[in-house]
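Chains C and F, in that order, give the protein sequences. FYI, the working numbering numbers position 62 of the first sequence as 62, with every residue one higher than the one before it. FYI, the working numbering numbers position 95 of the second sequence as 95, with every residue one higher than the one before it.
Source of the hints: derived by calculation from the structure; they are not laboratory data. The beta-carbon is built from N, C-alpha and C at its ideal position, and this holds for glycine as well. One thing to keep in mind: the hints can contain errors.
Chain C stretches covered by chain F per the calculated footprint, using a threshold of three residues with CB under 8 Å from any CB of chain F [stated by the list, open to error]:
(1) 8 to 17
(2) 61 to 67
(3) 91 to 102
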Amino acid sequence: MTLFGIWLGLLSFLVVGLGFVWVIRGERYLGVYWWPWFMLLGIALAVGSLFVANPWLAAVMGIAGGSFVWGSTEMKEQAIRAELGWYPYNPGKVRSPLQSWIEKIPPPSL
Amino acid sequence: MEINTFGVVCAAATFLNIWIGHVSVRAIERRTERLWQPMAVFALAGVFSLASSLNASGYNQAVLGITGFMLMWDSFELYRQQKRIRIGHAPANPANPRHQRILAEFPGANTVDLLDRPILGRQYTAEEIKTILKEESAK
């Protein structure tokens, strides 16, 4: 019998809970056009975990990575929620690197 | 260097659980009249998944542990989705008797998916939202 899976489940639960927070804050202060960077961060964490032998650290990186990739696909809907007034709207967002290119890509929403 | 695929399996389990949960919670809440039924099924499946992870090993224990907590979260999300319907943050289904009652009882409830639109780049005015609700409810 092992509790490792339960701990990882609890960890994923907490990471997803944090996901609600960072998607809301990230969209408010940075804006939806940061989505590819969050997606890349998530992919980098998952790929980086391939080179980590420690199962705990690899799992933390993987779970955080999966959650970042998901969160990147949530930013578009969050942007609409703020535009509709369901969340505070910040007109002075930080411009994303390569924003003029990113604006041409339809933001993912699953 | 030895490649350790454990983290990628955890990433896939997390991402797929959120994705499938997100889509199925919305679809099931929309169609079910008695919401406690799918809530009970998700919660029990979650407990079963967690219990199974105790005797599993390798990838399985991680996937079952992650899936277990996600299923229990989905159970709670079914309830939260109904609250979104009540305040008009998610579209009600006029064919669902439970949603019919919500539409009659909660003035903010409507049948319009307000999130399904392109980014505007500024806040909507209250007038604009009223117009959208009026035009799209008429469709």
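Now for the hints, and whether the structure bears them out:
{"no.": "1", "hint": "8 to 17", "result": "holds (count 7)"}
{"no.": "2", "hint": "61 to 67", "result": "holds (count 6)"}
{"no.": "3", "hint": "91 to 102", "result": "violated (count 1)"}
The earlier numbered hint that this structure contradicts is number 3, and it is the only one.
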